[in-house]
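Trainee: Got chain A sorted already, so can you dock chain B onto it with the hints?
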Amino acid sequence: MTINPASLPQSQLVAGMKCRVCGKQWPVSTTNFCEDDFGPLEVDYHYDKIKPLVSRQLFESRPNNMWRWKEFLPLNGEPTVGLHVGGTPLVRATRLGKAIGIDNLWIKNDAVNYPTLSFKDRVVAVALSKAMEFGLKTVGCASTGNLANSVAANAASVGLKSYILVPSDLERAKILGTTIYGANVIAVRGTYDEVNRLCTQIAFHHGWGFVNINLRPFYAEGSKTMGYEIAQQLGWRTPKNVVSPMAGGALIGKICKGFNELANAGLIEIPNTSYFGAQASGCNPISGSVKENRERHKPVRKPDTICKSLAIGDPADGYFAAKLIRESGGWAEDVPDTEIRECMALLAGTEGIFAETAGGVTVAVARKLVLQGKIKKNEETVLCITGNGLKTQDAVAEILPAPALINPQLQEFQALLTDGAPPVRQTEPALA
Amino acid sequence: MAILVHIPPPLRPYAEGTDKISLAPAEAATISQALKALVSKHPGLNDRMYTNGQLRPFVNVYLNNEDVRFLDGEFNAPLKDGDDVAIIPAVGGG
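In order, the protein sequence lines correspond to chains A and B.
Letter 432 of the first sequence, counting from 1, is numbered 412 in this note's numbering, and no numbers are missing.
Every position in the second sequence, counted from 1, becomes a number in this note's numbering once 14 is added.
Here chain A stands alone, though its shape is the one from the complex (with noise of 0.2 Å):
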């Protein structure tokens, strides 16, 4: 018998969504702001109901997936899309923490998420489910593109009809990535925030599920599932820093509320992470703010950077991310584009892992803050990858040499060897 999710009574755990500004409790809809103050809303849940309910045990007891941690996420009943989501390994980088000084370092690699090689994944997986739940039929999306692939793959994987607005300037594989799942792209003329503010308008004219806007609430919770993921993959316990790319600034703060929900549960210690917000020089609003202390962040207009999957220039939850960034002890850093390029090929050649841009980002961003001091060679620290590199290819593409060319001859391939011919390259890439 098939189950309507339309269809099903509300879960008795969800306790409603409470505006992070004046923190009233509004009941479930598809709607992102408190209507008193315009705030955005989050998902709450009764905590006391669901503590009783899991246990170490019974997450590990279930497929390695993000649904193994189902109480914790806004869904009334099974998931309905994305189901094989989540469950990334953590890598132990210890070829790259010795190049950029970090004795104990990790990478979360989402650039293997399953179905469209991205963290966004997790977020569309909660959002279409719900997007089902509510009956709605056409959902979209604004998007710089992770999300745009993400949205398309997982509204086909389920006949939902899917809107992706994108600037027209995004790679032609993040487009390529999108179209060839039948979604309706649409390149807009204009930088992110402008589609973004249209998709506004788009989502209050047809009412459809916009993942990132009147569906945000739900979409958010899908990233807490990369932090209860680490926290379970070092062994229930937390680091003492994550690293994490920031594009509208949801990521980090969601790492940290897995983390907080796990400790409420009475699954591991009380967290004592550090958190470090990474964005690329071009386009810098929240570690903008972190670094000269501002409370808002001033919207940047025209993003200038290679790193296109990070150019918001007015990121929604960028006052909320440099909030938890100084209140945790961390800090926030950017980097140019010839940083990123270098550290995409950096985390490739010590562990072999092609991330996209936003992990050129981090890993640049991470070097640098152990420059500064900010982040100690002994500290336990967890880079979250959140893209893969096969997305933003034509990024590095001016850095790599060329194949050298040969015929097919032993002494021509000798002669590559011996000869002061184009040297075959290392398996290490030149440290800077």
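No incorrect hints appear here.
Per the computed footprint, the stretches of chain B lying under chain A, defined by three or more beta-carbons under 8 Å from a beta-carbon of chain A, are:
id	stretch
1	21 to 35
2	63 to 73
3	78 to 85
Beta-carbon label-pair distances, calculated as ranges:
id	chain 1	residue 1	chain 2	residue 2	range
4	A	R169	B	P92	22 to 28 Å
5	B	A40	A	Y27	52 to 58 Å
6	B	T44	A	L214	52 to 58 Å
7	A	L214	B	G96	57 to 63 Å
8	A	K141	B	E88	36 to 42 Å
9	B	P27	A	N273	35 to 41 Å
10	B	G67	A	N273	21 to 27 Å
11	B	P23	A	I166	18 to 24 Å
12	B	P57	A	A(-5)	30 to 36 Å
13	B	N78	A	A136	35 to 41 Å
Derived by calculation from the structure, the hints in this document are not laboratory data.
Predicted model only: the values in this text are computed from it and were never measured.
For each residue, glycine too, the CB sits at the ideal point set by N, CA and C.
Mentor: Chain B only, in chain A's frame:
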């Protein structure tokens, strides 16, 4: 011609259901004045849009589709006949 101020759906219940108002240039020399004129015509909007006399942080305002924070003068930027002012809650970020 006039200056139009668009009211987003979440605010319309506080503006007697109105989706936009039309202002004469004399009533709305700047964006700031246009918003004040809006609130004086529909006082129910005041508490939704303002706190301690300041525009609430998650309320964005656009002049002809341009974010007001990027304009010369910001909220004191001048308006002219035919301009479009839109109020849109800051609700996104992918």
